[in-house]
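Number of protein chains: 4
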Amino acid sequence: MKVCISGVSGRMGKEVKNLLMNNQFVGGISRQSKADEIEKLVKNSDVVIDFSSTENIMKIISLCAKYKTPVVCGTTGFTEPDFVKFKSYSKDTPILYASNFSIGIYQMAQLLKSTESILEDFDISIIDRHHNKKKDSPSGTTLFLASQLRKNPQIASLRIGGIPGDHVCYFTSDSEEICISHRSFNRTVFASGAIKCAKWIIDQVPGFYQMSDYVNKKSV
Amino acid sequence: MKVCISGVSGRMGKEVKNLLMNNQFVGGISRQSKADEIEKLVKNSDVVIDFSSTENIMKIISLCAKYKTPVVCGTTGFTEPDFVKFKSYSKDTPILYASNFSIGIYQMAQLLKSTESILEDFDISIIDRHHNKKKDSPSGTTLFLASQLRKNPQIASLRIGGIPGDHVCYFTSDSEEICISHRSFNRTVFASGAIKCAKWIIDQVPGFYQMSDYVNKKSV
Amino acid sequence: MKVCISGVSGRMGKEVKNLLMNNQFVGGISRQSKADEIEKLVKNSDVVIDFSSTENIMKIISLCAKYKTPVVCGTTGFTEPDFVKFKSYSKDTPILYASNFSIGIYQMAQLLKSTESILEDFDISIIDRHHNKKKDSPSGTTLFLASQLRKNPQIASLRIGGIPGDHVCYFTSDSEEICISHRSFNRTVFASGAIKCAKWIIDQVPGFYQMSDYVNKKSV
Amino acid sequence: MKVCISGVSGRMGKEVKNLLMNNQFVGGISRQSKADEIEKLVKNSDVVIDFSSTENIMKIISLCAKYKTPVVCGTTGFTEPDFVKFKSYSKDTPILYASNFSIGIYQMAQLLKSTESILEDFDISIIDRHHNKKKDSPSGTTLFLASQLRKNPQIASLRIGGIPGDHVCYFTSDSEEICISHRSFNRTVFASGAIKCAKWIIDQVPGFYQMSDYVNKKSV
Chain A
36 MKVCISGVSG RMGKEVKNLL MNNQFVGGIS RQSKADEIEK LVKNSDVVID
86 FSSTENIMKI ISLCAKYKTP VVCGTTGFTE PDFVKFKSYS KDTPILYASN
136 FSIGIYQMAQ LLKSTESILE DFDISIIDRH HNKKKDSPSG TTLFLASQLR
186 KNPQIASLRI GGIPGDHVCY FTSDSEEICI SHRSFNRTVF ASGAIKCAKW
236 IIDQVPGFYQ MSDYVNKKSV
Chain B
36 MKVCISGVSG RMGKEVKNLL MNNQFVGGIS RQSKADEIEK LVKNSDVVID
86 FSSTENIMKI ISLCAKYKTP VVCGTTGFTE PDFVKFKSYS KDTPILYASN
136 FSIGIYQMAQ LLKSTESILE DFDISIIDRH HNKKKDSPSG TTLFLASQLR
186 KNPQIASLRI GGIPGDHVCY FTSDSEEICI SHRSFNRTVF ASGAIKCAKW
236 IIDQVPGFYQ MSDYVNKKSV
Chain C
36 MKVCISGVSG RMGKEVKNLL MNNQFVGGIS RQSKADEIEK LVKNSDVVID
86 FSSTENIMKI ISLCAKYKTP VVCGTTGFTE PDFVKFKSYS KDTPILYASN
136 FSIGIYQMAQ LLKSTESILE DFDISIIDRH HNKKKDSPSG TTLFLASQLR
186 KNPQIASLRI GGIPGDHVCY FTSDSEEICI SHRSFNRTVF ASGAIKCAKW
236 IIDQVPGFYQ MSDYVNKKSV
Chain D
36 MKVCISGVSG RMGKEVKNLL MNNQFVGGIS RQSKADEIEK LVKNSDVVID
86 FSSTENIMKI ISLCAKYKTP VVCGTTGFTE PDFVKFKSYS KDTPILYASN
136 FSIGIYQMAQ LLKSTESILE DFDISIIDRH HNKKKDSPSG TTLFLASQLR
186 KNPQIASLRI GGIPGDHVCY FTSDSEEICI SHRSFNRTVF ASGAIKCAKW
236 IIDQVPGFYQ MSDYVNKKSV
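Protein chains in written order, with this note's numbering: chain A, 36 to 255; chain B, 36 to 255; chain C, 36 to 255; chain D, 36 to 255.
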């Protein structure tokens with residue numbers, strides 16, 4: 036697999052580069068990259084992994100469509116019209132978009148849905164614990180997990196020390212409790228998830244994919 | 036629902052009786068019960084919940100078949116031929132058999148299977164923690180959970196204090212971990228599970244059912 | 036040890052009675068008890084364990100002082116003047132007063148104090164999880180634990196299912212975390228704690244004692 | 036504080052160097068260092084932090100004694116006679132020796148001792164969970180924690196995924212449980228602990244110190 040990294044000098048771009056084998060990394064795109072360089076890279080790569088900015092990806096996505104190069108994109112902050120346009124290129128090339136590339140979190144989401152459907156009358160609660168530099172509370176991931184449930188869970192969030200990211204969901208009845216939790220040991224989990232998605236998407240037909248597609252199809 | 040309890044003076048029989056509404060409990064069968072009493076009870080009940088002995092249930096099961104009274108049975112220790120004979124009555128009346136009536140544990144088993152199929156390259160481990168009077172180690176439930184997995188998990192067991200029963204399963208990679216755990220607050224969880232199964236089985240056609248049938252069908 | 040239970044027909048009084056050996060239980064005081072009965076009981080007991088009402092204990096405490104019978108009291112809701120008067124009897128007989136008789140929670144409080152003094156620059160947070168019938172949130176015990184700390188901890192509380200009572204305190208830095216937690220398996224822990232206090236107080240000199248006295252002196 | 040790092044090219048030496056401010060790092064000693072360089076460094080430093088080899092530290096320690104430069108040493112594998120000799124230099128300069136520089140683990144050890152003395156009749160168990168590259172099982176830290184207890188705890192160890200290091204100790208009775216646990220988010224915790232010890236030891240009088248001295252004195 037030949038990978039081009041868009042946003043190669045950002046925090047996530049660097050993490051992805053570190054995790055790739057030397058012979059997998061074809062080249063990186065940053066603000067300084069010239070148009071002809073970019074076009075050559077997109078043309079010669081099996082897949083583009085993008086953690087850049089919305090302006091940047093909007094420029095690159097048409098090239099990906101032109102050369103049928105699949106895209107794994109984790110850039111956030113699209114305007115609504117930009118996102119619609121971004122998605123439209125998926126008729127020509129496979130695009131996987133996600134705001135969180137941890138495989139474990141998506142599996143956790145599946146487990147919550149399955150558990151709620153069986154343990155119908157159990158109370159549900161979610162606790163997230165993150166480092167004290169994190170500004171949003173509850174975390175985006177907690178909101179994503181809650182959005183997978185029919186019932187509104189009780190939610191609590193702590194911002195303490197240097198915790199990379201803990202999410203715990205309890206299903207509790209009068210006499211028993213099932214707890215489903217996820218813990219990141221470090222932040223490479225997200226880079227690693229994006230690379231796994233890249234390996235998968237190069238074999239897909241054009242279309243717009245989410246993490247749930249990757250997680251569910253894999254198990255078919 | 037009219038319930039007859041077989042093994043009504045045993046520990047589990049008492050728990051079940053305590054949890055039933057007064058108008059749900061039709062009568063109990065114990066060693067002292069006379070044949071005509073038993074026959075009358077089985078005939079007039081919507082369901083028999085049995086936590087007795089194998090001798091006892093082998094006597095009663097033919098009556099249940101005769102009167103098409105569904106059976107929920109948690110008695111353990113059948114000989115192979117007895118169990119085959121016991122099962123054969125399920126052609127006439129629905130029988131649900133289980134060695135553990137905690138709904139949560141069966142849901143946990145489903146979650147483990149689902150998670151293993153997605154998180155293929157994660158290490159798996161199970162810890163059970165039970166009170167120090169428990170003799171088997173690992174617990175039967177740990178062995179049941181492990182039997183649901185393709186890989187052999189690492190297993191550890193502690194026998195300490197008065198813990199009613201904790202089971203924890205970890206799926207661990209280099210950078211993240213999903214943990215699925217179950218905790219019983221008390222032992223009524225098993226009686227309560229048997230009653231829920233009783234409510235379900237009275238609407239089933241004759242056949243031999245397990246907890247997984249109850250758990251899975253409920254979600255259809 | 037001969038024990039008289041004041042408030043013997045209440046929930047806690049019954050729990051205490053259940054846990055005492057037959058030959059330890061001398062008699063119970065309830066609203067129906069007559070004055071001469073009460074006086075006789077207090078006179079003939081080694082210790083009074085009281086979980087009644089403030090009116091009731093205010094009547095009994097003078098008898099305890101008169102006969103030098105030690106008192107373990109878990110009744111809550113005293114008015115300020117009543118509590119001052121109640122305490123004044125401790126010049127004649129040892130009185131141990133507590134709103135929570137779990138030995139573990141008091142040990143947990145000691146551990147928090149000790150840990151805060153060492154891990155000075157760690158963030159502190161407390162989570163309590165209790166059954167959904169519990170009305171106060173955070174729990175009184177969480178407030179008690181927080182009151183033992185110099186820093187204000189982040190606090191989160193969940194009210195779910197039938198959890199008897201979980202308290203977790205985290206000390207978290209950028210690179211490590213110490214967690215100190217307490218879990219009740221059932222509510223007998225409080226009755227059992229009161230009985231242990233009773234055994235201890237019968238050897239004390241007159242004075243007003245708290246759980247911390249019991250916990251700390253025991254370790255001398 | 037001016038720090039010289041002995042074993043600067045090893046894994047721990049690098050971690051320590053990364054954590055020091057530029058103006059704190061005076062220089063590093065490795066196998067290639069020349070005798071006069073080493074002597075100059077030891078003479079001009081406020082403290083030597085050593086994670087090297089026993090041969091190396093045996094050469095350096097006499098210089099530290101000569102120039103009264105305090106030493107924080109985390110090198111393992113001393114022979115008995117070497118260790119006796121190593122310790123003997125502490126009559127001239129303060130030496131702090133430890134096999135684990137996580138402040139949290141030493142605080143955990145204190146908590147275990149304190150808890151055992153109060154919760155005398157509780158069952159004790161320790162679980163450690165580490166990455167699957169770790170060869171020793173149970174971990175050295177588990178053995179150290181167990182050595183702080185009078186009772187023999189039940190011990191269980193799991194070697195799974197990339198867990199940097201989790202240690203959990205349970206004190207369990209029939210009705211309640213206190214759990215004291217420690218979790219490392221990453222391996223810098225040990226480098227960071229060594230630097231904190233270095234800051235402390237430069238104010239101490241000559242003598243042989245352990246982590247417990249650092250942890251306990253700090254709280255005076």
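What the hints contain is simulated information worked out from the structure, not anything from laboratory work.
This one's a predicted model, so the numbers in the text were calculated from it and none came from an experiment.
A few of these clues could be false.
The list treats identical chains as interchangeable, and a pair is accepted whether it falls inside one copy or across any two copies.
[Said to hold, decoys possible] The calculated lysine-lysine pairs, modelled on BS3-like cross-linking and capped at a C-alpha distance of 27 angstroms, are:
| # | residue 1 | residue 2 |
| --- | --- | --- |
| 1 | K148 | K231 |
| 2 | K75 | K186 |
| 3 | K101 | K234 |
| 4 | K170 | K37 |
| 5 | K186 | K231 |
| 6 | K122 | K186 |
| 7 | K168 | K148 |
| 8 | K103 | K169 |
| 9 | K169 | K252 |
| 10 | K252 | K148 |
| 11 | K126 | K186 |
| 12 | K186 | K168 |
| 13 | K49 | K94 |
| 14 | K186 | K52 |
| 15 | K186 | K148 |
Violating hint indices (sorted, rising): 2, 4, 6, 8, 9, 11, 14
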